[in-house]
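Visitor: Here are the chains, one letter per residue:
Number of protein chains: 2
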Amino acid sequence: MSSNFYCVIMAGGIGTRFWPMSRASRPKQFLDIADTGKSFLRHTYERFSQIVPQDNILVVTTDRLGNLVREQIPELKENNLLLEPYGRDTAPCIAYATYTLLKRNPDATMVVTPADHIIRDNDAFKEDLQAALEYSSTRDVLTTLGMMPTRPDPNYGYIQVSGGRYNADDRKVMKVKTFTEKPDVELAKVFISSGEFLWNSGIFVWRADSIRAEMERYLPEVTRLFRGWENAIGSPVEDMFIEKAYSDCIKISIDYGVMEKTAKAWLYPARFRWADVGTWESLYNIVNVKDKDGNVFNAKHVLSKDNSGSLVISENKDKLLAVSGLEDFIVIDTEDALLICPRSDKRVKDFTSGLAMPGYEQFK
Amino acid sequence: MSSNFYCVIMAGGIGTRFWPMSRASRPKQFLDIADTGKSFLRHTYERFSQIVPQDNILVVTTDRLGNLVREQIPELKENNLLLEPYGRDTAPCIAYATYTLLKRNPDATMVVTPADHIIRDNDAFKEDLQAALEYSSTRDVLTTLGMMPTRPDPNYGYIQVSGGRYNADDRKVMKVKTFTEKPDVELAKVFISSGEFLWNSGIFVWRADSIRAEMERYLPEVTRLFRGWENAIGSPVEDMFIEKAYSDCIKISIDYGVMEKTAKAWLYPARFRWADVGTWESLYNIVNVKDKDGNVFNAKHVLSKDNSGSLVISENKDKLLAVSGLEDFIVIDTEDALLICPRSDKRVKDFTSGLAMPGYEQFK
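Taken in sequence, the protein lines are chains A and B. Those letters in the first sequence? Residues 2 to 365, per the numbering used here, in order. Those letters in the second sequence? Residues 2 to 365, per the numbering used here, in order.
Among the hints, erroneous ones may be present.
One copy or two, either will do: identical chains are not told apart, so a pair holds if it fits within one copy or between any two.
[Said to hold, decoys possible] For lysine-lysine, the following PhoX-like pairs were computed, each having C-alpha atoms within a straight-line distance of at most 20 Å:
| no. | residue 1 | residue 2 |
| --- | --- | --- |
| 1 | Lys301 | Lys365 |
| 2 | Lys265 | Lys173 |
| 3 | Lys365 | Lys306 |
| 4 | Lys178 | Lys265 |
| 5 | Lys306 | Lys350 |
| 6 | Lys262 | Lys178 |
| 7 | Lys265 | Lys252 |
| 8 | Lys347 | Lys306 |
| 9 | Lys39 | Lys318 |
| 10 | Lys39 | Lys262 |
| 11 | Lys318 | Lys365 |
| 12 | Lys306 | Lys293 |
Source of the hints: derived by calculation from the structure; they are not laboratory data. Remember, it's a predicted structure, so these values are computed and weren't measured experimentally.
Make a model of the complete structure from these sequences and hints.
Guide: Here it is in structure tokens:
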């Protein structure tokens with residue numbers, strides 16, 4: 002493991018789409034939605050412990066989620082936990098991590114990753130990430146891991162590569178032509194049949210000085226806020242500095258702020274199996290263990306009759322689930338909320354919007 | 002209040018039809034299913050406290066439910082709590098109470114009532130019961146309170162009176178011709194249009210010596226078990242006596258064992274509004290507070306969208322219920338079980354039968 006290789010885990014998301022299991026006070030990355038025995042964050046941390054030195058893993062999250070990170074990764078050193086006063090999307094988060102790393106190691110090459118992916122094939126993941134780190138450490142490139150698409154999924158981002166039809170056997174690193182966020186299904190079908198598009202994993206690999214240069218070019222309104230940060234680190238004004246930087250900062254994603262504009266975007270084709278489980282619907286889709294009618298129940302005691310295509314989950318796995326007559330439904334039972342609705346993301350969103358009503362904030 | 006008037010509340014039922022809220026360890030009569038602030042049993046006790054001297058109210062239940070009665074009626078004297086070792090339906094329960102009362106007062110006239118009715122019009126109830134007690138105290142009759150039927154409900158018992166079409170304005174006590182338990186809807190329609198049938202409330206009024214005589218005539222296999230009971234009461238062998246009587250006793254209802262056979266059955270027409278809430282479906286039907294789409298939610302925080310005809314209840318009223326897309330469903334959420342099924346009694350029964358499976362007994 003190269004001591005120049007780092008990993009930055011972005012764990013500040015507030016994700017309401019796994020409501021009511023995910024809450025503002027306990028977002029998805031801290032949960033074990035897929036019932037694996039570990040939270041998404043913990044899985045992510047352990048995966049990267051195989052790839053970069055443990056001391057080179059940083060976690061960025063918001064202040065109020067800091068204790069959840071400390072609880073789930075007790076071995077994380079305090080100076081590897083970067084706390085944002087406010088969530089400002091991914092670009093400020095990456096700036097914060099980049100300037101912090103550059104102070105430690107001007108030769109740093111970093112993976113930047115969300116904390117809420119499901120990754121299968123850990124070995125392939127490790128090989129892909131190591132290769133992408135090696136590749137990017139010696140070049141002035143912003144590399145994104147691209148995944149071979151298997152269906153026209155409208156919930157993913159798509160990356161078009163230059164040079165025509167992508168040859169999957171080739172596994173060549175390709176220049177990126179365009180980024181497209183969540184197209185509709187029809188457009189996604191066109192993308193896939195063209196052979197020029199891969200899924201955007203949201204995992205980036207780059208030298209810290211490369212991303213700094215492109216952020217300073219395309220996002221000076223963000224990077225100027227971090228001017229002098231290298232001196233503030235570890236000083237009495239550290240907290241005040243970050244508070245000020247974030248309170249003045251715009252909310253902007255690295256995709257929109259840099260990746261869609263830079264000429265240095267490259268795609269590294271990954272081989273591991275990956276899913277961005279963003280919604281109950283997508284969780285339902287990736288669960289392998291369904292009964293013959295396509296139902297998923299998570300409890301130990303289940304009485305099911307005449308159900309199909311339904312996902313029925315209780316936070317309390319000792320609870321008896323006696324369910325009948327549901328077709329394509331989601332049922333999520335937590336200690337203080339019960340969600341029952343058709344298995345479409347829109348419905349869940351309808352409800353979470355309703356939580357702005359007076360008296361309902363406690364369920365956010 | 003006449004000191005000769007008594008009330009016997011039968012509170013031994015195991016009712017699984019309000020499952021999963023009712024359990025073997027906490028049957029319906031101990032619950033506040035209709036959310037009134039008091040259990041069915043407590044309501045029954047308080048109603049009869051207005052009609053007979055408080056010391057003249059007896060509660061009969063099974064051993065294992067004794068503490069629930071003590072908890073809900075702390076003012077009940079211990080010798081007014083009759084504990085059956087086993088549930089043996091209503092005839093042995095009534096025999097037990099009858100012989101106990103006769104030892105105290107040979108001139109006793111008693112109301113025998115289930116503990117799980119919903120009664121509206123408390124004043125009418127009081128007048129009706131007082132009148133029925135007066136009427137029965139001076140005659141050798143077995144009086145049943147009959148209710149004017151308002152619909153051909155197949156879940157009720159029907160009583161046919163002698164003398165043709167019943168005149169509701171008359172309010173005459175009538176001789177009973179036949180008893181019919183839960184006819185199908187078509188037959189219930191014929192009953193109602195004939196004008197000769199009333200609903201059987203299951204509330205009986207009679208002199209203790211009258212019911213004793215008819216039980217001894219039609220149920221000697223039951224009454225012989227209580228021979229000598231008057232001497233055992235209060236003696237060291239009291240418990241052993243009852244244990245032996247019940248272990249030898251058949252299971253039989255007073256309707257089948259006596260009322261359908263006796264020539265002394267009379268119907269007292271009651272005026273109070275009454276419902277025998279035996280199932281979730283019947284509870285749904287009697288709840289007045291429905292939203293415009295016919296839904297009933299019991300929680301403080303509800304997000305409802307595109308539901309109709311559904312009953313959604315959580316034992317935890319602070320729980321948020323976010324429900325969408327249900328049509329004619331029942332949702333019952335308790336601490337350790339979640340029932341979701343179409344709003345028909347059969348479904349609930351299907352599930353409770355399933356609780357005989359190994360590993361599921363805890364949810365009975």
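Visitor: Check Lys262 against Lys178 for me: Cα-Cα at most 20 Å, and say if that holds within a copy, between copies, both or neither.
Guide: Cα proximity of Lys262 and Lys178: one copy only (10 Å, versus 92 Å across).
Visitor: Under a CA distance limit of 20 Å, which applies to Lys39 and Lys318: within one copy, between copies, both, or neither?
Guide: within (15 Å within a copy, 31 Å between copies)
Visitor: Which holds for Lys306 with Lys293 at a C-alpha limit of 20 Å: within a copy, between copies, both or neither?
Guide: Within one copy only: 12 Å inside a chain, 30 Å across chains, cut-off 20 Å.
Visitor: Pop the pair Lys265 and Lys173 into one bin, within, between, both or neither, using alpha-carbon distances up to 20 Å.
Guide: Cα proximity of Lys265 and Lys173: one copy only (16 Å, versus 98 Å across).
Visitor: Reference check for the pair Lys301 and Lys365, CA-CA at most 20 Å: within, between, both, or neither?
Guide: between (28 Å within a copy, 16 Å between copies)
Visitor: Tell me, please, which holds for Lys318 and Lys365 at an alpha-carbon limit of 20 Å: within, between, both or neither?
Guide: Between copies only: 18 Å across, 22 Å inside.
Visitor: Could you place Lys365 and Lys306 in one of the four classes (within, between, both, neither) given a Cα distance threshold of 20 Å?
Guide: Only across copies: Lys365 and Lys306 sit 18 Å apart there, 32 Å inside one copy, limit 20 Å.
Visitor: Should Lys306 paired with Lys350 be assigned to within, between, both, or neither, using CA atoms and 20 Å as the limit?
Guide: Only across copies: Lys306 and Lys350 sit 12 Å apart there, 28 Å inside one copy, limit 20 Å.
Visitor: Between copies, within a copy, both or neither: which fits Lys265 and Lys252 at Cα up to 20 Å?
Guide: neither (23 Å within a copy, 86 Å between copies)
Visitor: At most 20 Å between CA atoms: does that hold for Lys178 and Lys265 within a copy, between copies, both, or neither?
Guide: within (10 Å within a copy, 96 Å between copies)
Visitor: Under a CA distance limit of 20 Å, which applies to Lys347 and Lys306: within one copy, between copies, both, or neither?
Guide: Classified as between: cross-chain Cα gap 12 Å, same-chain 26 Å, threshold 20 Å.
Visitor: Within a copy, between copies, both or neither: where do Lys39 and Lys262 come within 20 Å Cα-Cα?
Guide: neither (37 Å within a copy, 68 Å between copies)
In this structure, the hints that do not hold are numbers 7 and 10, in rising order.
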